Structure formats: structure tokens, C-alpha cells
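Student: Sequence:
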Amino acid sequence: MDFNKIIEKYNYGEKLGNLLKQIYEEFVLYFGVEQDSIIYEAFLNCEIIVGENCYEALKKRNLLSENTNELVNEGDLKRASGVYSSMPLIKVNEKNNEFVLEHIKRIVCISSDNLDLEYVLSCLIHELSHLVKSYYKEYSLENNILIERSGLIERYYNLSKSAGEIKKDFIKEKGVGLEEGFTSVLEEDIAKRIVNPSYKSSGYGVVNVAARNFIKSDEDLKMFIMAEFYKDKSEIIKKYGEKYYDLELVVDKIYKYSLDLFANIFDKERFNMIKEEMNNYLKTEYLPLMEEIMQNKRELK
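In terms of my numbering, the sequence shown opens at residue 1 and continues consecutively.
Note that these hints are calculated values from the structure, not bench results. Just so it is clear, the structure is predicted and the values come from calculations on it, not from any experiment. Everything hinted at is true.
Taking CB as the label site, the calculated pair distances span: (1) K253 / Y230: 25 to 35 Å; (2) E276 / D36: 38 to 48 Å; (3) P288 / K95: 49 to 59 Å; (4) E25 / E94: 41 to 51 Å.
Cβ coordinates follow ideal geometry from the N, Cα and C atoms, glycine included.
All chains should be built: construct the whole structure from the sequences, respecting the hints.
Tutor: Given below as C-alpha cells:
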């Protein structure tokens, strides 16, 4: 794979181009050489932009979601250090009146262009990992239902035609918290190799721990990596049982608490109230369910 073709396609500067090539090579080692071609295609078909506010970058390129019920909202995007986002182009086949997925627009945006800063480099690793884990079978159609898969995340939308336009209404999403946890694990593992040997991710503390609770061995990590990459959780369910799906929803709520904490960081009273609620939720919901799942694992062996 000639990574210089990607650098030339988007006219990346020397510093950014060399950094992206280094991250790409680390991804191939992390995911496996068998996944090399898909990782390369992901980099080839997604522009990486540095030095723009994430919300404004998405707005300018018509990549903003119109749905307000998703976990990550407009305010989160305006505060974000980085983001990976994609948008499917969907048309209607006039012959059979069915929806057809024609093209996918993708972008990775990092709000700062100072590539010497540790947090900027780690943020770039994090968002590029979202790109890579989304790329394979990211979108699929089941009649009028659009399914978006990004690693462990699944989002469902209802498609309809209105006044000659296609409308996309959000139905539900799950797996966001655990996916962010596993992406922060990847961020840490790769940043320790190319940024700082003692690097520790920030902002994903609780969901990072939730993810690491599942990976006590290289075999466990590989299982989740392949589930994220190929959008197939069957091996996870085989090992941990159907309760794993319940845990996804619980960790989604924990992740929402984390987002709310960050949004209220300058409101001490509100911040402490949210923190207390989250800690109580961890004790009453997360820990008992995690123990039940681990017990299922022992019984399923």
C-alpha cells in the first residue's frame, strides 16, 4: 500500500502526512495485517482536517445530524477536541420504489492544528480509530430502516419520503459507551508507542475501565477488536451471554453521565450532583450486572 497516494490526494503537509502514515502503520499492527486493505481504504476515502471547530466543520460540509435524541449532541460537538463523522447519500430507485445507499461522506476533524501537543496527537489517534472501526459495512438498509454501525455502536433510523425529499428519523442507538471505552483503550495503547510511554487517556475514565474489565488477555482484546472491525458480536455473546446487551445500555447511561459532567464542569453544584448520581448508578446497576455477566462467562465455559 502506497500511503503517499493518500497524502497527495488531500495535499497534507509534511508533518501531518508523516504522522498519519505512522498512525496507519500502528493500526495495521493493532488490527492485523489481514485488515490492511480496509484500513488503507478508510484513510483514502476520508479527509482529515485540523484547526477547525468540529461543529463548524461538520456544518460547513452538511454532515450535521438533524436528530436530537442521540447521545452526542450539538453542544458536545462545539466543545469537542475532535470528531469522526459520516453521512450516507440515499436515493430512491424509481423502478421498485426502494431506498438505495449510493455513497458515504466522511470526515475526521481535529479542532487544533498544533501537532506538537500530546492531547492533539492522542485525539487524532482516537478519531482515526473511529474511522477505521466504522469503515467496513458502516451502513446497511433493511427495507425502510437504515442501520449505522461504528465499532460496537448500532444506530437505527426510519427512512421516509416527504415532498420529494428523504427524511431520516432516529429510532435508537446502543453500544456508544463501550465503544468509546474500547476506543480510549486503543488510543492509550498506540499513544504509548508513538506519543508518550506513560500516556493515559483523559475524559473516558469510567467507560475505559468498563472496557478494560473485559480484556484480561490478548485473546479477549482480539475478540473485541474483530467484533468492532467486522460488526459481528456473536463471539462476544457466546462468551458472555445475552446479558452483554443489557450491559451495553447501562454503560451508555454511564457515558451520558460523563458527557453531562464535562458540560457542567464550571457549575460546581450541578457537577457534584451528576457525579453523585453516576456513582450511585455504578453501584446499583453496573457492578451487579457486570458480576452477573462474569458469572455467566464462567458457566458458559
